[in-house]
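Asks: Residue-level listing of the chains:
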Amino acid sequence: MSTMTGGVLASYRFVDAASGAIRTLKAEGIRDFTVYTPVPNVEIAQAVGHRVSPVRLWTLLGGLLGCASGFALTLWMSFDWPLVVGGKPIGSVIPYVVIAFELTILFGAGATILGLIFHSWRNRQMGAYEGRFTDDHIGIFVRCPTERRAEVEALLRAAGAEEVRVES
Amino acid sequence: MSPATVHHEIHRRGANAPTASLFVAGIVLAIVGLGTFVALAMGDDPGRAWRLFLINFLFFTGVAQGAIVFAATQKITKGVWAGPIIRFAEAAALFLPVSVVCFLVLFLGKHHLFPWIEHPTPLRGNWLTVPWVFWRDLAALLALMVTSVAFVYHDLKPDVAELRDHVTGWKRALYDRIAGDYVGSPEQLQAVERRINWLAPLLCLLYAYLFSLLGFDLIMSLAPYWMSNLFGAFFFMGAFLTGLTMLGLMSVFWRWKLDMGAVIGREQLHDLGKLVFAFSIFWAYLMYSQLLVIWYGNLREETSFVFLRLWGDWRPIAILVGLMIFLIPFWGLIWVKAKINRVTFTTFLAISFVGVWLERYLLVQPSLTEAGPMFGAPEIAISLGFLGLFLLAYGLFARTFPMVSPRLLAKAELTGHH
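If you read the sequences in order, they're chains D and Y.
So the first sequence is numbered by our numbering: it starts at 1 and just counts up by one.
So the second sequence is numbered by our numbering: it starts at 1 and just counts up by one.
Keep in mind the hints are simulated off the structure, nothing from the lab.
One should not assume that every hint holds.
[What the hints assert, rightly or not] If the Cβ cut is set under 8 Å, some of the chain Y residues that face chain D in the computed set are:
| hint | residue |
| --- | --- |
| 1 | Leu-286 |
| 2 | Tyr-288 |
| 3 | Trp-295 |
| 4 | Leu-299 |
Quantities reported herein were computed from a predicted structural model and do not represent experimental measurements.
Every residue, glycine too, gets a C-beta built ideally from N, C-alpha and C.
Isolated chain D, as found in the complex (with noise of 0.2 Å):
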């Protein structure tokens, strides 16, 4: 978790300029920056170059779970109370595979949506935005001390940005 710092925030018209901007900061060992698009772009998504999101083992456990309560749930109340119908047995599996699996994707969905607002929440960082990153411009925000930003600010005018400001 990093708190508010001053760095430099640049933005982008282009994807292929933002993606290459993204490639030298890394070359260039810079790792702490955040970038914000309008829409999900798979280059810059690769130059980028997350890890594999821990998200989705939310998802897998939420899933495992909502399967067991479902079958849980249906064979123990019909254990409880056993009511024959229609003469079938009284924990009847078949039908209630329909409960096991909407119950997977409820607690799936759920447990993905936690999952999301947990790692968000820890891994929150402040920086510099633009209103017009939802729109049409990709920024790129870099957090770095004083003495090496006017080091970054040319880097990232090299790679073709539009515009470069630094910001305390």
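Assemble chain Y onto chain D, guided by the hints.
Replies: Same frame as chain D, now just chain Y:
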């Protein structure tokens, strides 16, 4: 080598694909299979031979037709990612005439197959009578064949015109004849694409309707008092899955054979793996949708079909089918690495492919014989014989037509899919 030379090489190899291995394997297997079939059909157990003939006819017709329908879906959805591999699916088109001939042969053994000939079913009216079943199924197969061939022909035309300088002799004459006055002008290309855009949806609709009909007539009618409305969809989606797995296996084969590593990359295998994964789940979904209502309704005429297959002698086969089509590919292909790695990709696709064959076996066999599952030399030989016929027809296509499409390749590369 520069990218231009790499492409030029791939185009040349694609127009002159090495097919000797397909031909040799195809001829050997077809002769062994045909010999076994004739010996068994003339011998002491003709029923067994004809049942195997029906199972393999259904399975391999489904493989070929499913693969071409997959190519059609790519045209409808404008899926350019499949450009480098689409011809490996379309190459199955030449098996369709073979399958029509097989259908004609199938009716020579009708008395061994259709119980409603000896025991007519008044409940179904005239629906299940030999002439009516024969003519409507023949018309269905012919309609599908004509539409498929027309679809593949129009997709081939621009490529044949572009690649005619790469071939010589009789192939050159054939390419010139197909290309005609086609020189690749934008208007001509547009005209070709208009035809494809019209044929592809037509083919998909015909496939859904007519394969349902074939499923009803050639599988469901074997137990004439059993019915499930969803069975047609179950049959043609299973066939679609085998078309996909065949395409996946052939993509790995041709990638190696034509040295196309530069244009068929991890993305194509990854996407195909995802599709096989998705349609394995869809198969399980359709299977369960039928099982659930039959279980709930608990009507004797409906449950007997399922009961016969899920309990008793056939139970191990049913479990194996569930494992091979659904559970094993599900757990296997859920991983990215397993989809990209050629060895695991091929293994899981082959398991699914054989799984659907076993499913067809399980659908046909228990309706027609009192004996339990039999797996011996005839089963293996006749099935391999059909595989041989398929490889022969496929090899003939690859020998004649370009296995690489320069224009679809260029389109795919433009979007960064390789």
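Asks: Would you check whether Leu-299 of chain Y satisfies its interface hint, that is, whether its CB is within less than 8 Å of any CB in chain D?
Replies: The hint is violated - Leu-299 of chain Y has no Cβ within 8 Å of chain D, the shortest such distance being about 12 Å.
Asks: With a cut-off of 8 Å, does the beta carbon of Trp-295 of chain Y approach a beta carbon of chain D closely enough for the hint to hold?
Replies: Holds - the Cβ of Trp-295 of chain Y comes within 8 Å of chain D, reaching about 5 Å at its closest.
Asks: For the restraint on Leu-286 of chain Y, tell me whether the closest CB of chain D is nearer than 8 Å.
Replies: violated, 14 Å
Asks: Holds or violated: is the Cβ of Tyr-288 of chain Y closer than 8 Å to a Cβ in chain D?
Replies: Holds, about 7 Å.
Violated hints for the displayed structure, listed by number in ascending order: 1, 4.
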